[in-house]
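Asks: Please build the complete structure, drawing on both the sequences and the hints.
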Amino acid sequence: MKTFSLNGLIGGILIAFLVLTAAIGLVWTPFDPMKLSFTAKLAAPSAAHLLGTDEFGRDVLSRLMIGAQASVWIGFLTVSFATICGTLIGLVSGYARGWVDGVIMAVNNALMAFPGILLALGLLAVFGANQYGIIFALGIAYTPSMARVVRGAVLSLREREFIEASRVMGNGEIFTMVRHVLPNCLAPITVLATSMFGWAILSESALSFLGLGVPPPAPTWGNMLAAGRPFIQQAVWLGLFPGLCIALTLLGINLLGDALRDRLDPRMRGLK
Amino acid sequence: MTTDTLLSVRGLSLEVARTGHKVVNDISFDIASGEIFGIVGESGSGKTLATRALISLLPPAIRVASGSISYRGRDVLGLNAKQLRSLRGAEIGLVFQEPMTSLNPSMFIGRQLEEGLILHTKLSPEERGARILDMLRRVGISDPEGALVAYPHEFSGGMRQRIMLASVMLLKPALLIADEPTTALDAVIQRDVMELMVELTRAEGTAVLLISHDLPMVARYTSRIVVMEKGSIVEHGRTEDLLEAPQHPYTKKLLSSLPFRGAPRVVDMTKAPMVSVRNVVVDYPGRKSLFRKAKAKRALHGVSIDIHEGEVVALVGGSGSGKTTLGRTIAGLVKENEGEIRFQGRARDDDWQDYRMNCQMVFQDPYSSLDPRMTILALVEEALRLVPNLDAAAKRKRSLETLEEVGLDASYASRYPHELSGGQRQRVAIARAIARRPRFLIADEPVSALDVTVRAQVLDLFSDLQKRYGFSCLFISHDLGVVEQVADRVVVMQDGRIIEEGDRNAIFDSPKETYTRRLLSAIPALDHNATGGVTLKWRFES
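If you're matching them up, the sequences are chains A and B in order.
Taking the working numbering, the leading residue of the first sequence gets 13, the next gets one more, and so forth.
Taking the working numbering, the leading residue of the second sequence gets 1459, the next gets one more, and so forth.
Among the hints, erroneous ones may be present.
Under the rule of at most 20 Å between Cα atoms (straight-line distance), these lysine to any residue pairs were calculated in the SDA-like manner [claimed, not checked]:
no.: 1; chain 1: B; residue 1: K1793; chain 2: A; residue 2: R109
no.: 2; chain 1: B; residue 1: K1793; chain 2: A; residue 2: Y107
no.: 3; chain 1: B; residue 1: K1853; chain 2: B; residue 2: R1843
Hints listed in this document are in silico derivations from the structure and should not be mistaken for laboratory results.
Replies: In structure tokens:
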């Protein structure tokens, strides 16, 4: 029996690399990421500056390493927030049905009717434009779609005979939910959570681009990408490397998420 | 028979294209025109694949490895797509098992029936319409004009299977292939549909290839039968010969697996009943919408039933009779609107904890009644979670013992449900239900989803356990054969009411109600002979 698929392995390596880079960035970077240098403005990648420098002469590699911390942290907390809240709301809504479901879903649908980024913009105005403001805003913006997916899964699960069997055994509602309903919802939750991680990093970039993200000079991949845009003709590496980081991270997360979903499902074990 | 052979299969083998694994192995048979021919086998015997090959409708993963199929002297395997299309429908008709999915749900019945006529005949629209109406009348649709502009979901399962039959017979095919045509229907409707099929095909001179796992049903209508096991034909012969003097061990096993009447048991009926249900009424609320509330549908109209200590009471009836609702109401899964349920002399709801400990349930579908994410041991252990005065070690020991009792040794403990066969899963479900040593068990169609030989084993297991622990049981089933084997008393339901009840032998030998007689006419009485064969006697044969 293969313990992990090739896709999972690639995803795992990408994510391990990302986490490692962020961790190293905590203690050491090739250059001070904030240090300006007017002699080395917009320098192309070279032996000294592996990934080149930006318009203020700051080292791109160093800034990417620091930015990884912010991006990973924002992505991780946003997804955790949305997953925990969304799953709870979805479970309660799908299991209770009736008017509880009606009210929750009405609010949920109203939230979903706003484009996520617009909702986040509005919320950022309340929370203030900083790292935790972004996490809250994006977390709230993503919760409705998680709630929806979980509710759908719960609605179809609760008609299955093993849920009734649990009731006949005398198990309480909460026990049944945690023991039988929730584990069987894991597949859609994992898939959605991994894609949300990607959305979160992208939205953070978009918000930074609009000037509502983590304020400069602190680097995030998003604001680096945004800052590189005016120089795309002269210094393609300014946009290329942050973009590549985002793309590879998303790829890794998605591959790992799919492998995890299969791994967590006993039915998929032992299959080729 | 050589002169009027319609279809001839010679040495047909089918294999999985990718692995070369043989799924059907060297089968040969002939069907004469106008004959009714049967193929009997359990799931996995290859009977469905073999018949799909006859009209080149194999799934893409399966291919013909060797052999020949000739229809009226033409080699079917050598036909091109266009020739095959003219063969299918016009010459060879097909009726599938699932009447729910074999009709297009978003198309009027009339349009669907007309499709075949447009493709295969040159009739004018008026002639087509007349022919469709005539056929709908012949299959017993009460309002044929109305049916033309109705959707499939407006009809019951039995009616849909009649419409399916009508759509196939409209083209007057020379051969009708019916693959488990009545398996999804309840016993009474099963018989009606089969009678109709035989009557129609006889009138048109159509030969029938009837495929089923249900040996008595096939035997009733066919003149010759082949028995398939694991892709091969193990026995081939005239129906009576095959039943009365089976040669192959597998055929003998199939015959001995048919339900038989169990020995009568003594149940003490003088004591107060253990479970007593009085005048229970259950309404299913109508669908609420913004402006109106649909009327509630009454599922049970004041039903009363008693179950004594150690007694097995069978609840029988067709689909929609309310038998499942009654079982679920007694189990506490459905709330009764009126009436009272008493357990061991007290109102059930007075001591819910005690009732929950003592009333357990076995469900019909072993594929959906076990949580797919739990191991077998965890599933059984969960049933002991709320049992007081048992420590963790004792619970584990009891779980393993219970698994042992249902015939699953310790090596199964760490497996997951999907690794088990249907019969094994149902054993796990039974283990879970009896682990608490309940006084009362509700079994809702516990063996309906199982193959014939597996069903016999599970029924034996059930009887053994019942003898050992002496629990009372409400056994819900539409299959009277099974009921005859296990029940002490039989309660017949129709349209949410109990219409007849009595001792098992009394109900089976001298039923009073017409509906009970119709239920009974669907199953044979068996006469086992010394050679391992049986003679089937059909009750109330008209």
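Asks: For this structure, which hints from the list above don't hold up?
Replies: none
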